Amino acid sequence: NAGVTQTPKFRILKIGQSMTLQCTQDMNHNYMYWYRQDPGMGLKLIYYSVGAGITDKGEVPNGYNVSRSTTEDFPLRLELAAPSQTSVYFCASSGTSGRGGSYEQYFGPGTRLTVT
Amino acid sequence: LAKTTQPISMDSYEGQEVNITCSHNNIATNDYITWYQQFPSQGPRFIIQGYKTKVTNEVASLFIPADRKSSTLSLPRVSLSDTAVYYCLVVRMDSSYKLIFGSGTRLLVRP
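Just so you know, the protein sequences line up as chains U and P, in that order. Per my numbering, the very first residue in the first sequence carries number 1; after that it's consecutive. Per my numbering, the very first residue in the second sequence carries number 117; after that it's consecutive.
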């Protein structure tokens with residue numbers, strides 16, 4: 001299994017441009033998540049999904065959009081990029097199914113985004 | 117979700133046992149405690165989770181007292197490769213399993 005893969009690894013955007021960060025998992029996990037991590041800080045949850053067709057906002061959703069048309073893919077869309085969105089973005093997935101199950105989230109390698 | 121508080125940084129030496137304590141005073145009945153490790157330029161990696169008492173796996177132990185308002189991650193005989201940031205998180209057992217990360221504890225292991 002490849003686990004959680006993210007593309008691209010690095011990207012530089014100009015202010016006002018848009019882009020999509022790709023995330024794919026091959027573990028048949030229902031739950032998927034997008035986080036951002038600013039330098040020296042912990043991760044902040046942007047959006048999450050509990051299954052195909054179902055998404056919900058996390059702590060910092062403004063300026064982002066997501067969709068979940070398949071179990072495997074969970075792309076994150078940045079519209080009108082701003083310097084405040086310069087960060088490292090991590091995608092994660094989890095197969096948690098209820099009481100007694102593991103809450104382990106599997107993280108991708110991250111996408112380092114710079115907006116100038 | 118319960119907010120967690122843990123030391124900003126800790127220093128240790130190779131071969132020592134390291135204990136990192138986390139406070140989560142507002143933990144709810146349906147919450148689990150989980151710990152992640154993060155190396156620079158990598159995503160976090162799950163270490164261990166628990167609900168109460170003691171849990172042990174091949175890399176760490178987790179001690180949770182009866183009131184569950186704190187927890188202690190124990191790393192036996194650390195090596196240089198254990199230098200990382202360690203996050204304590206509380207996970208609610210609902211339909212989302214969201215993780216709320218704090219700032220973590222930066223552990224530096226010296227030779």
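No lab work stands behind these hints, which were simulated from the structure alone. Some clues are possibly wrong.
Unchecked claim - Using 25 Å as the maximum straight-line C-alpha spacing, the simulated PhoX-like pairs for lysine-lysine come out as follows:
| hint | chain 1 | residue 1 | chain 2 | residue 2 |
| --- | --- | --- | --- | --- |
| 1 | U | K57 | P | K119 |
| 2 | P | K214 | P | K168 |
| 3 | P | K170 | U | K44 |
| 4 | P | K170 | P | K119 |
| 5 | P | K214 | P | K170 |
| 6 | P | K214 | U | K57 |
| 7 | U | K44 | U | K14 |
| 8 | U | K44 | P | K214 |
| 9 | P | K168 | P | K119 |
| 10 | P | K119 | U | K44 |
| 11 | U | K44 | U | K57 |
| 12 | P | K119 | P | K214 |
| 13 | U | K44 | U | K9 |
| 14 | P | K214 | P | K185 |
| 15 | P | K119 | P | K185 |
Source: prediction; values computed, not measured.
If you check each hint against the structure, which ones fail? Going through the list in order, the structure violates hint 3 alone and respects the others.
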